[in-house]
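2 protein chains.
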Amino acid sequence: MNNNSVGIVKPHFFTFAEPPQEMPLDSGGRFGPITLAYETYGELNDRASNAVLIAHALSGDAHVAGRHSAADKKPGWWDYMVGPGRPFDTDRYFVICSNVLGGCKGSSGPTSLNPHTGKPYNLDFPVITVGDMVRAQARLMDHLGIERLLCVVGGSMGGMQALEWAIEFPQRVACAIPIATTCRQNAQGIAFDEVGRQAIYADADWCEGQYSSQGRRPVKGLAVARMLAHITYLSEESMRQKFGRRLRQKEAYGFDFRTDFEVESYLQYQGESFIKRFDANSYLYITKAIDYFDLQRDFGTVEKAFAHVSARFLVLSFSSDWLYTTAQAKEIVRALKINHKNVTFCEIPSSYGHDAFLIENPQMMKIIADFIGHVYQEESAR
Amino acid sequence: MNNNSVGIVKPHFFTFAEPPQEMPLDSGGRFGPITLAYETYGELNDRASNAVLIAHALSGDAHVAGRHSAADKKPGWWDYMVGPGRPFDTDRYFVICSNVLGGCKGSSGPTSLNPHTGKPYNLDFPVITVGDMVRAQARLMDHLGIERLLCVVGGSMGGMQALEWAIEFPQRVACAIPIATTCRQNAQGIAFDEVGRQAIYADADWCEGQYSSQGRRPVKGLAVARMLAHITYLSEESMRQKFGRRLRQKEAYGFDFRTDFEVESYLQYQGESFIKRFDANSYLYITKAIDYFDLQRDFGTVEKAFAHVSARFLVLSFSSDWLYTTAQAKEIVRALKINHKNVTFCEIPSSYGHDAFLIENPQMMKIIADFIGHVYQEESAR
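From first to last, the protein sequence lines are chains A and B.
For the first sequence, our numbering puts the final residue at 388, and the numbers step up evenly by one.
For the second sequence, our numbering puts the final residue at 388, and the numbers step up evenly by one.
Think of the hints as simulated: they come from the structure by calculation, not from any bench.
Since the model is a prediction, treat every value here as computed from it, not as a measurement.
Treat the hints with care, as some may be off.
The list cannot tell twin chains apart, which means a pair is met if one copy fits it or any two copies do.
Simulated pairs of lysine-lysine, DSBU-like, Cα-Cα distance not exceeding 30 angstroms [what the hints assert, rightly or not]: (1) K310 x K248; (2) K310 x K256; (3) K16 x K125.
Kindly produce the complete structure, drawing on both the sequences and the hints.
Given below as structure tokens:
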């Protein structure tokens, strides 16, 4: 790969669903206005046929690639995937990513101001679903003049959005790349999410969700939730390789309750850095959307969910991912095949666990670049 | 199996290491007096050659079998294993279990009163190790007139104690049955324990460990720690079979932050019932002892740890246990075999995950009954 970055980028905002045209939600209610924060990279072509929508995971945001300023220390969360000559080649494709509805990175979420009260929504924000996230993204695509997406791609909850897009808008998606994901959150996944939520509820500074109006933040509970989740993003093997039982800046056990092991220090760091960039209520809303994700429930069976998709699929899993396993990926593949849909599947060998989809991986990059390049050629010939 | 219970039993207490004869600890300090709460079932024979020591796991106690009163709703935690005609046949064996040092079920631990101050030790209680637990148990065996144990058996942290016994007191153990355990806590295990501890530290009612003197208890943090740990005790498969995505007393999603799923309700129940019976500081001390357990660190290599054991070993693992896996059990077996020790190994098929060792399992019961019966015959012929 070359080192071509997309360079300095800036976020955009799109507001829609102004009352009385609020957007209907899966909960049965209606909600608006809605603002989505988004970024784009590359140029939309004349036929508007080169648009790639990247959907982010639980703790992601719209900032996929590049830097917001020259002083930025880190680029976007999937920088190596987006840029000239990169898998999502910005010389060919127009790449979009928006922060999900319910998020805390510029899109409408529980921290947003309720225009009726002038105060943050907090728990008055409606509980949303992955379907709601996707329908909001579709409004953004309308706004950008994109009738049909060349590709919808994402890992983890981003993969759920890719599946939902292909199902909900079959004519608007040429190809979908769900990565390290599932068509229905399993009991173990719900269990981990619920313990994370309970850690937030347990924090006295959560104040039943009203913390912002009291000048407080449930940072301890949120840190615990993040530490826990982080364990599920790694594999036993990667933890062993990365930390093992190595002690942290000491030769012998401390025989106290300070940090003894490197792995403890690492998790503490993950918790501490997360609370600087994420909102606790948003964490509740987004994990709830993930737990509600269940194509079987929505359609009766997983097979029926995919009955009317027209997109080509590339389904990817990672061998050591125990949060969204290869077996779960194969459930998607099987349902697509039963429907005689065009699907390519690959389990990529990796020891990095669920986080593998975020980590530069030549095999993943080549498979995706080849797949989308092929679909682009086909689409160009339409 | 028959239905023969040991009937009504009562706890006993043994106090030793009175100053100035405090017991030396792995931390380098000395500690005393020490009280151990224990129960016994059956009768010690004249040669004192029929004693079986059962070592409990993290949240266990000395109450292995029978009931404390006729009104007791539940028997001891391993009741089906101990009684006339049961694997630890009280018609043949004298069975002992003591609450571990550091515990909160009658043995000396952070809730105990410090005789120097008349107040609970809280965090002034010394950080102890599995080795310290075992050396305290050895003092109890001295007191009971048991020079040599027929068997030391335990699951999880109880298995660590069984290993430690065989290593530390090679002449005092005829056979050891470590179940669902490891010879060194791995990084993932430390990580889960650390997040549990962080959940307790995060609770404002923890008060830096001084909660008892302020009339408070960090029950929310302890409940979160327990919920998290409980996930690791089950398997993905058992959670799927037991709960799947079943909703809790509702037909449709609630679209709020109340309980939606059965698995959430189950975990909440586990947390709520645990806080009624366990102390948060004790949870910190015992998880720390587990995390410190590392025979490789103590002896240089795992092989060297077992160089001088004389016990026969029966090592058991469960196929779906992902906390202490079959691979970890095999590490123990391999080290014993390299030392040409007498070891039998069995991976028992089960979908119950780590908790399998607590659940009535005919295969486990038969293997253990046969093994100990065989060793008892051999010992009787000595």
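Evaluated hints:
{"no.": "1", "hint": "K310 x K248", "in the structure": "between (42 angstroms within a copy, 25 angstroms between copies)"}
{"no.": "2", "hint": "K310 x K256", "in the structure": "between (57 angstroms within a copy, 24 angstroms between copies)"}
{"no.": "3", "hint": "K16 x K125", "in the structure": "within (27 angstroms within a copy, 60 angstroms between copies)"}
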